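Protein chains in written order, with the numbering used here: chain E, 1 to 256; chain F, 257 to 581.
Each hint should be verified, as a subset may be incorrect.
Calculated cross-link-like contacts (lysine-lysine; reagent style DSSO-like; alpha-carbon spacing at most 30 Å) [as the list claims (entries may be wrong)]:
1. K254/E / K578/F
2. K444/F / K472/F
3. K455/F / K431/F
4. K146/E / K259/F
5. K18/E / K514/F
6. K217/E / K444/F
7. K18/E / K81/E
8. K231/E / K368/F
9. K107/E / K340/F
10. K368/F / K514/F
11. K444/F / K578/F
12. K32/E / K259/F
13. K444/F / K340/F
14. K52/E / K540/F
Derived by calculation from the structure, the hints in this document are not laboratory data. Note that the structure is a prediction, hence the values are computed from the model and not measured.
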Amino acid sequence: MNIIACVKQVPDTEAQIKVKADGSGIEEGQIKWVMNPYDEYGVEEALRLKEKNGGDVTIVSLGPARAMETIRTALAMGADKGVHICDPALNNADAYVTAAALAAVIKGVPYDIIFCGQRAIDDDSGQVGAILAEMLGIPQLTIITKVEYAGSTIKVIKPIEGAQLLIETSLPCVVTAQKGLNEPRYASLPGIMKAKKKPVDVKTAAALGIAVEAKAKVAKTIPPPARAAGKIICGEDPGQKAVEVARLLREEAKVI
Amino acid sequence: MAKGVWIVAEQRDGALRKISFELASTARKLADQLGEEVSAILLGSGIEGLAAQLGKYGVDKVYVGDSPVLDPYITEAHAMAATKIIKENDPAILLLGASVQGKDLAARLAGKLATGLATDCTDVKIADGKLLAIRPMYAGKCFGEIVTSANPQMASLRPNVFPVVENAKTAQVVKFDPAVDAAQIKSKVLEVQKDTSGKVDLTEANVIVSGGRGMKGPEGYQILEQLADTLGGCVGASRAAVDAGWRPQKDQVGQTGKVVSPNLYIACGISGAIQHLAGMSSSKYIVAINKDAEAPIFAKADYGVVDDLFKVVPELTAACKKLLA
């Protein structure tokens, strides 16, 4: 099986996000960078498929030079090789440009199944997997919590509001991973040593022949709306405080 | 020239979902500013009768693609049908719901139409005749103002955020041939396992009572269930509680769970890690109940109670029952 897992390097979930004074983006100085958690589920699922069915796992990532760490992390988990799309012209890539870059790489290699995270926890767009599938002309299965491989088809579980769906599709296809799909493994020490020697191809936008102009531009980044200071309900008796909260919710907030 | 504000209405099991009315109302507002019409795309099987309901929220024209191949929802089929009617009409703006289905379809359409899409917006407006979409990023730790350079300018709207406004119109219903060849569709829904709890999804709930590490174990959630039942709401959980196995994954609120915006969010025994705050800060009212007066959750709360949640929550349930009686 030829399996592809797309990964993105993102700020850790505990990171404080500070908007630049001119609104042109976020301050990156203090940020700890990690593999997007949803992509980790994709990498883990790719490795499990490989372990069960044979084949190899290729990691594809678009990002600045530091994104190489994330590719190496995936290689240390057990993936075989990587492609790093690294080009300052792609620093403001939106989902469309990102998908175009990934598609340009993937079109040149054999693939049976492609994993992406259901969204990256930085821009929260949740589009790349679907646009990539469209560009490759293959089905997409988004926000998936279970994958069952059966030769030329797969069956997946997709939770929706108030139900879950069992969907079958033919390969090749794109699957976007949701939390619950698996428990990603940690890279072992020997894995980390081996990863250093695994091949990673570095590509530029020009080499891929893609347009770099974003379709959706972040014109301005702004801090979240501030919440007005709240009230702390004082008193000794938990019962009295509860009654006061209920009263405020009813009379002031009018939400019950 | 691209013209008109379009929406893709969402229906399931022969009923329009609330997000469809939120979309229609929002599209009406934008179209009025532009002096243009609102059109809706409605896809499914045996759903023509639903079209008139959209008129009530300001839709001028409903394009109905009615075919057995469009039920249940499958990305490929819906994307094909929607793309056909969109390309024939060249709308300027296209809105979908940021529901599970809407997000899936919107992204595929952005690919097919080679345009930009702002996901999960909490505000949309017209600026200089163009769509300006405002959306949380980093799960709400900051926001982006998005402009799209191609048409249609696409945005998906976060459910439960945009008001539903009646605007009685008689929508003109236009049937079109979705032209979807079943043989081209590679995916198939084999089974729909419905959640029989009767509870709505967290992303659609008006009231969420959420518990964190302070619940001490799965048993503790019983008092939260009672409060949620009293208020007609749902129970959520922090990542700590889900990772401990106390609650199912689908209940998780936060940056790696669901981003919610209920009218009322009651956080019990949740300290307020930044990744949790990111998932619930857009709630209209927030109540925090926690023993630790220093817990960061109190900085976000409209009403805070520093006390033992196991004493406060049952009393709050009783007080609410009394008020609602």
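- Task: Taking the numbered hints from earlier one at a time, note which ones the structure violates and give those numbers from smallest to largest.
- Result: Result: hints 2, 3, 4, 6, 7, 8, 11, 12 and 14 break, sorted rising.
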